[in-house]
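Residue numbers (the working numbering), protein chains in the order written: chain A, 2 to 428; chain B, 524 to 884; chain C, 26 to 168.
Since the hints were made in silico from the structure, they are not lab data.
The model shown is predicted, which means the values in this text are computed figures rather than measured ones.
Note that beta-carbon positions come from the ideal geometry of N, C-alpha and C, so glycine has one too.
The reader is advised that the hints may include incorrect statements.
Unchecked claim - Computed footprint of chain A on chain B, listed as stretches where at least three residues anywhere in the stretch have a Cβ under 8 Å from a Cβ of chain A:
| no. | segment |
| --- | --- |
| 1 | 602-615 |
| 2 | 642-648 |
| 3 | 782-791 |
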Amino acid sequence: MRFLASALVIVSAAFGPVAWADELDEPEEAVDSAEIELPGGECLACHLTTDDKLGELWKADVHARAGITCVTCHGGDDTKADKDLAKRPGTKYRGALTPRQVVDSCGGCHSDAEYMKERKPLLPIDQLEKYWTSWHGKLLKEGEPKVAQCASCHHAHGIREVNDAKSPVYASNVPATCAHCHADAEYMREFGIKTNQYEQYVESVHGKALLEKNDVRGAPACNDCHGNHGAAPPSVSAITHICGACHSYNAELFLGSPLAPAFRERSLADCVACHGQHEITHTSDSWLEDEPGGACRKCHETGDEGSELALYFADSMESVHQSFDEIDGLLTEAETKGMDVTEAEDYVEAARQGLMQARTLIHAFSKPVMEEKLIEISANQAAALEAGYSALRGLQERRRGLAISTLLLLLLTIVVAIKIRMLPPTE
Amino acid sequence: MSTSPENRDRAIVAWAKDRYPIAKFAEWAKHKTVPVGPNAFWYYFGGITLFLFLIQVGTGILLMFYYKGSADTAFASVRFISAKVPFGWLIRSVHAWSANLMILSAFIHMFSVFFMRAYRKPRELTWVSGIALLGLLLGFGFSGYLLPWNELAFFATKVGTDIVGVIPVIGEPIMYVLRGGEDVTGSTLPRFFALHVALFPALLTIFIAGHLFFIQLQGIHEPGTWKAHPEQRKTMPFFPHFFMREMLLWLITLNILAVLAVYFPAELGVEADPFAPAPAGIKPEWYFLATFEFLKYMPAHVGPMEGEEFGLLIISIGFLGWCLVPWIDRGRNPKLTKIVMAAGVAIIVFLSIMTYRGFAA
Amino acid sequence: MKFDRRTIVNWFLGGSAFAWAGSVIFPVLRYLMPPPEQEAAVSAVKAATLTEMAPNSGKIFKFGRKPALIVRRSDGTFAAFLAKCTHLDCVVQYRKDKERIWCACHDGLYDLNGTNVGGPPPRPLDALEVHMQGDDVYVTRKS
Numbered sequence: 002m003r004f005l006a007s008a009l010v011i012v013s014a015a016f017g018p019v020a021w022a023d024e025l026d027e028p029e030e031a032v033d034s035a036e037i038e039l040p041g042g043e044c045l046a047c048h049l050t051t052d053d054k055l056g057e058l059w060k061a062d063v064h065a066r067a068g069i070t071c072v073t074c075h076g077g078d079d080t081k082a083d084k085d086l087a088k089r090p091g092t093k094y095r096g097a098l099t100p101r102q103v104v105d106s107c108g109g110c111h112s113d114a115e116y117m118k119e120r121k122p123l124l125p126i127d128q129l130e131k132y133w134t135s136w137h138g139k140l141l142k143e144g145e146p147k148v149a150q151c152a153s154c155h156h157a158h159g160i161r162e163v164n165d166a167k168s169p170v171y172a173s174n175v176p177a178t179c180a181h182c183h184a185d186a187e188y189m190r191e192f193g194i195k196t197n198q199y200e201q202y203v204e205s206v207h208g209k210a211l212l213e214k215n216d217v218r219g220a221p222a223c224n225d226c227h228g229n230h231g232a233a234p235p236s237v238s239a240i241t242h243i244c245g246a247c248h249s250y251n252a253e254l255f256l257g258s259p260l261a262p263a264f265r266e267r268s269l270a271d272c273v274a275c276h277g278q279h280e281i282t283h284t285s286d287s288w289l290e291d292e293p294g295g296a297c298r299k300c301h302e303t304g305d306e307g308s309e310l311a312l313y314f315a316d317s318m319e320s321v322h323q324s325f326d327e328i329d330g331l332l333t334e335a336e337t338k339g340m341d342v343t344e345a346e347d348y349v350e351a352a353r354q355g356l357m358q359a360r361t362l363i364h365a366f367s368k369p370v371m372e373e374k375l376i377e378i379s380a381n382q383a384a385a386l387e388a389g390y391s392a393l394r395g396l397q398e399r400r401r402g403l404a405i406s407t408l409l410l411l412l413l414t415i416v417v418a419i420k421i422r423m424l425p426p427t428e
Numbered sequence: 524m525s526t527s528p529e530n531r532d533r534a535i536v537a538w539a540k541d542r543y544p545i546a547k548f549a550e551w552a553k554h555k556t557v558p559v560g561p562n563a564f565w566y567y568f569g570g571i572t573l574f575l576f577l578i579q580v581g582t583g584i585l586l587m588f589y590y591k592g593s594a595d596t597a598f599a600s601v602r603f604i605s606a607k608v609p610f611g612w613l614i615r616s617v618h619a620w621s622a623n624l625m626i627l628s629a630f631i632h633m634f635s636v637f638f639m640r641a642y643r644k645p646r647e648l649t650w651v652s653g654i655a656l657l658g659l660l661l662g663f664g665f666s667g668y669l670l671p672w673n674e675l676a677f678f679a680t681k682v683g684t685d686i687v688g689v690i691p692v693i694g695e696p697i698m699y700v701l702r703g704g705e706d707v708t709g710s711t712l713p714r715f716f717a718l719h720v721a722l723f724p725a726l727l728t729i730f731i732a733g734h735l736f737f738i739q740l741q742g743i744h745e746p747g748t749w750k751a752h753p754e755q756r757k758t759m760p761f762f763p764h765f766f767m768r769e770m771l772l773w774l775i776t777l778n779i780l781a782v783l784a785v786y787f788p789a790e791l792g793v794e795a796d797p798f799a800p801a802p803a804g805i806k807p808e809w810y811f812l813a814t815f816e817f818l819k820y821m822p823a824h825v826g827p828m829e830g831e832e833f834g835l836l837i838i839s840i841g842f843l844g845w846c847l848v849p850w851i852d853r854g855r856n857p858k859l860t861k862i863v864m865a866a867g868v869a870i871i872v873f874l875s876i877m878t879y880r881g882f883a884a
Numbered sequence: 026m027k028f029d030r031r032t033i034v035n036w037f038l039g040g041s042a043f044a045w046a047g048s049v050i051f052p053v054l055r056y057l058m059p060p061p062e063q064e065a066a067v068s069a070v071k072a073a074t075l076t077e078m079a080p081n082s083g084k085i086f087k088f089g090r091k092p093a094l095i096v097r098r099s100d101g102t103f104a105a106f107l108a109k110c111t112h113l114d115c116v117v118q119y120r121k122d123k124e125r126i127w128c129a130c131h132d133g134l135y136d137l138n139g140t141n142v143g144g145p146p147p148r149p150l151d152a153l154e155v156h157m158q159g160d161d162v163y164v165t166r167k168s
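Bound-form chain A, shown alone (with noise of 0.2 Å):
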């Protein structure tokens, strides 16, 4: 054995450079089809060679890997290479599938749990029955064609799992999925919608978070908001359920609010009444303030229940953001005369996070719980500042030490000096 394989490789050592040399002769065509053998029998004969694209799409394709062919979408017969012989009728071919064909030509699969457990368990199988509830599959089922249909955002012949980067329905990819027919003024036309929505959503802290910073977990997609294949635009009392699902302490403080029956009294879509919806921004302490424009102004007026609490609010945030400009200058005195003030820094840190928290009670629309946060606000603020104040009078005390003991070296000097003197001469 030991004997065949050491005679193997002298053999392949002497023939190497040769065997080489045929590899390069090659064409890679020929690694390629080692690698998966593409289902489709003999369509690809020809549509291989006239759709030079359809090859590379389809060898990308989940279902080219989970062995499905043409045939199970178009029909027709695979086994014949005649083109004739393999669209004969009788083989149920239907060429290329209309919007309407296509819903149902993957809905067929992909609603069939048992088909679908044995290939992909994880997969959900109520895409259909979903998309029919959707805006896309109500136009669609009146006869509208331009609508979304599955192969709009997953594409025909190059579908990838949602998790593959290149999938246009991966998180990141999906607002310009979207945006390639809302955001079409033209296209959009007829269906009497706006068509700013993509353009508001980049500008977005959701449209930031996702296409800046990536955060493909954290922020939301147009789907994370509309539903993927039930997209539709929410209903006014959905709208905290919608935006609760990540802001959820936010939601249930809002929905524990006296605010929460009297939105609903007026219609007010909750969360998008005051932070809007596509352009959602980063929230500002001066929406409080009680001048035109502010949030609370929408609906209150200088002097009632509303707008005390929210000049209450407002000034509570300004004086904490006040304090923290005094720590911070403070600190940062204290740092450039080589104090360590990591002490109070962590104090400054504690405060910090209690202001995110006291933005979000802000939603409980209430005085006393807004008050209780603030004092654990500024008992942090306290303690850093005096953390600030001590690490100065350290500096004093340091100065004054210094000034002691020069004071001391300048008498010995002196009377060193004096003693030099007193020596008798260098001859």
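Position chains B and C relative to chain A; hints supplied.
Same frame as chain A, but now just chains B and C:
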């Protein structure tokens, strides 16, 4: 007042005289002299360097009371010293400042000896041992810089040991040993700590002893003109004339250290993270800046050698020449002496420019 | 008793040298006295006591400079983590009702092994090690 302090002093002296050859020592001390002349000021720098070294030993031992030399704890323990231990900031800042001043005064001492041509026969070995001492001081500086385990030190050490690795054949193994592995990691720290507090101090003590012993045996170098004009010869007794002046300088030096420590305390920065990308503006300590800058100006390749390798070769040749100065300039050929002195000036100018450029970069 | 100039200078010399030496020795002696506050360089922190923490409860404590969370699972075992959410650094908390670690900012959820199981967090919490010593629960860095 029969029990005046003086009487008591005498009793102690008598006790000691009974046991030790005090009289001999006093006799010797009486005759030890130091030349007086326009250059006399420079004679103090050797002593100042020694004093600063003593400060380093003292503050270094104090720092070891709280310092913890492992990658997990080093940074936090140094911060603890600076922030929490009473006068910890003072001890640490004095240690850091004294290190810098020590190297500075060693440089001044070396160049003053050079320009006074005090390296000539019979003081060749004093010169060479002095250079070894300077090398050790630089080693102290390099190894000590890493110990706070902050970001700047971490990357400066990375760059510094990289340069060692450039040396052909032996460079790589030395770098490997210094780093305790392929890269600067937590394993590097204990090694540098060991070098800094054990090996280097031991070596330095031996070399200082040798250096001082040579000076003691041969006396302090006197200006060359005195040989021709003995009437110009002027000296002062070492005890107490020179000694008290030196003491005065030491006191002043200590106070300068205190002022620096109070007004410019040693910084700590952020903790080193071996996996973080190198921050911009990584620079070694000022005494390595000239070398660092010089190597930066090397082209990628010089002939068959890599640029850095070539730069190191030039530095090594220069360094060797510097060590051999006592044998190059023996004082027999005035022209040669002039060239050597000019070279000394050129070296100072070169080091200054390179250091300045390093700072400005 | 007669003082000549020399003696006076000597007295002054001794006195001022003594005083000055005091200004050097004092800081050194103070330095050698260990500060009451134990080191910030934490390797181990007493996070809680056994009696203080009922099963199915959590507690925020300071691990060095960082906030940390110790939880006691329903079965009585302990686990500890750095309390910073791996999404956007909010401080997480223990939710008795869900037996989960929860981040209020974006509804991030971790199980009691610190694994991110819901919401935005991209990776598990940084785990610490728990050691019991009598009634005391100590937390150390993961070795």
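For the segment 602-615 of chain B, count the residues whose Cβ lies under 8 Å from any Cβ of chain A; is that count three or more? holds (count 5)
Are there three or more residues in the segment 782-791 of chain B whose C-beta lies closer than 8 Å to some C-beta of chain A? It holds: at least three residues are needed, and the segment 782-791 of chain B offers 7 whose Cβ sits within less than 8 Å of chain A.
Please check whether the segment 642-648 of chain B has three or more residues whose CB lies within less than 8 Å of a CB on chain A. Result for this restraint: violated, n = 0.
Checked against the numbered hints given earlier, this structure breaks only hint 2.
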